[in-house]
Amino acid sequence: MADAAAIALVVDFAGIARRVEATIGETLLIALKRAGMPLLAVCGGRAACGTCLITVAPDWLPRLAPQSRVERNLLGAIGEGEEYDRLACQITLEAAHDGLEIHSLD
Amino acid sequence: MNEVMTPATAIPATTAPIPPTAGATASQADLERVGAAFARDQMLAMRDKTRAAIHAIAARATPGMLEEDAVAMAKDMLAAQGMLRGWHDVYVRFGTNTTKTFGAESDPGVILGKDDIFFLDIGPVFQQWEGDGGETFLTGSDPEMAKSAVDARTLFHIVRKKWKDEGWTGRQLYDFAAAEAKAMGWELNMDLSGHRISDFPHAAIYDGPMATVGFCPSPLLWVLEIHIRHPTRKFGAFFEDMLLDDSYFA
Numbered sequence: 089m090a091d092a093a094a095i096a097l098v099v100d101f102a103g104i105a106r107r108v109e110a111t112i113g114e115t116l117l118i119a120l121k122r123a124g125m126p127l128l129a130v131c132g133g134r135a136a137c138g139t140c141l142i143t144v145a146p147d148w149l150p151r152l153a154p155q156s157r158v159e160r161n162l163l164g165a166i167g168e169g170e171e172y173d174r175l176a177c178q179i180t181l182e183a184a185h186d187g188l189e190i191h192s193l194d
Numbered sequence: 101m102n103e104v105m106t107p108a109t110a111i112p113a114t115t116a117p118i119p120p121t122a123g124a125t126a127s128q129a130d131l132e133r134v135g136a137a138f139a140r141d142q143m144l145a146m147r148d149k150t151r152a153a154i155h156a157i158a159a160r161a162t163p164g165m166l167e168e169d170a171v172a173m174a175k176d177m178l179a180a181q182g183m184l185r186g187w188h189d190v191y192v193r194f195g196t197n198t199t200k201t202f203g204a205e206s207d208p209g210v211i212l213g214k215d216d217i218f219f220l221d222i223g224p225v226f227q228q229w230e231g232d233g234g235e236t237f238l239t240g241s242d243p244e245m246a247k248s249a250v251d252a253r254t255l256f257h258i259v260r261k262k263w264k265d266e267g268w269t270g271r272q273l274y275d276f277a278a279a280e281a282k283a284m285g286w287e288l289n290m291d292l293s294g295h296r297i298s299d300f301p302h303a304a305i306y307d308g309p310m311a312t313v314g315f316c317p318s319p320l321l322w323v324l325e326i327h328i329r330h331p332t333r334k335f336g337a338f339f340e341d342m343l344l345d346d347s348y349f350a
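Quick note, the sequences are listed as chains A and B, same order. So the first sequence is numbered by my numbering: it starts at 89 and just counts up by one. So the second sequence is numbered by my numbering: it starts at 101 and just counts up by one.
For reference, chain A alone in the conformation it holds in the complex:
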């Protein structure tokens, strides 16, 4: 990467894999919205609405910070919470996330 503060994500949206640039320290939601991904995120990234739901590639899940109680409760409440589902607003990107694969977007 030319910029030490930047990482790249691999986003599989509608069956097409796409490389998305992201900045360390921002949330995954911000990176995906900037890339034009159709996430409503109506609550503004506060883990209240569940409209930034994504699915993380299984290999990557252990490398993300675990769900907070708030995220876990919301995923349970909206009937989602499959093993690899996360809220993009709750994932803060780190250098170690370079290459993070997101399988699908609801």
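What follows is a list of derived Cβ distance ranges for each label pair:
no., chain 1, residue 1, chain 2, residue 2, range
1, B, A152, A, G164, 21 to 29 Å
2, B, D242, A, P146, 50 to 58 Å
3, A, I112, B, L238, 39 to 47 Å
4, B, K247, A, P146, 52 to 60 Å
5, A, G113, B, A156, 34 to 42 Å
6, A, L149, B, E205, 26 to 34 Å
7, B, D130, A, G124, 19 to 27 Å
8, A, G103, B, V250, 56 to 64 Å
9, B, G182, A, G132, 19 to 27 Å
Among chain A residues calculated to face chain B with C-beta under 7 Å, some are:
no., residue
10, L128
11, C131
12, R134
13, G138
14, A165
Covered, in the sense of this in silico footprint (three residues per stretch, anywhere, with C-beta under 8 Å from a C-beta of chain A), are these stretches of chain B:
no., region
15, 183-195
16, 300-307
Honestly, the hints are just simulated from the structure, not real lab data. All values derive from a computational prediction rather than experimental measurement. Ideal Cβ placement from N, Cα and C applies to all residues, glycine included.
Add chain B to chain A, keeping to what the hints say.
Leaving out everything else, chain B in the frame of chain A:
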């Protein structure tokens, strides 16, 4: 006018949201679209659930409680009723945090006092329907705090009467609200100036303010918000409910 109606136009899922800045120019038909799950009775039932939840949560907010704990308590109570999902976050604002605008982070560590003020602003979703409501409560008898809580509710109804009786536009309603608030001795926070409500999520239709629209909003489809602040002391009051006629406020 203002019979509670059942909108007939369901928005196709693929239609892009109208930008929040386009409220002044977009048509009423476009701004008042609803989704496929919209149902008059469900929206009214959701309104009742929301107001009941506000009062239940407020009843358990007691002096000595930390605001962060009150928010967690509120979320637990909403979750117990199947309403943990919200189209916006749960706001319980204590004391000086009652001056904070929508979406702003509260100052941490604020404890509810024995002669204090607090408000709730919740936007729960039950199944497919959105609720939204807010109200202010006191723990003591501070006369200015008491007046602010009464005035927020009173101003809500004064403005709502103009909507009902005069058929004013969203812009007219909030110009009037700001002037009335000033006459009452308060400052109106125009960041909280009404918005759409619908089947979830209304943001897929229009997530902008009601205060910019150039038509008289239809009942059941919008909420009216009044957030007033004391001109010198650090507290405010909030009241929010659906735009509906008098029969719904008996």
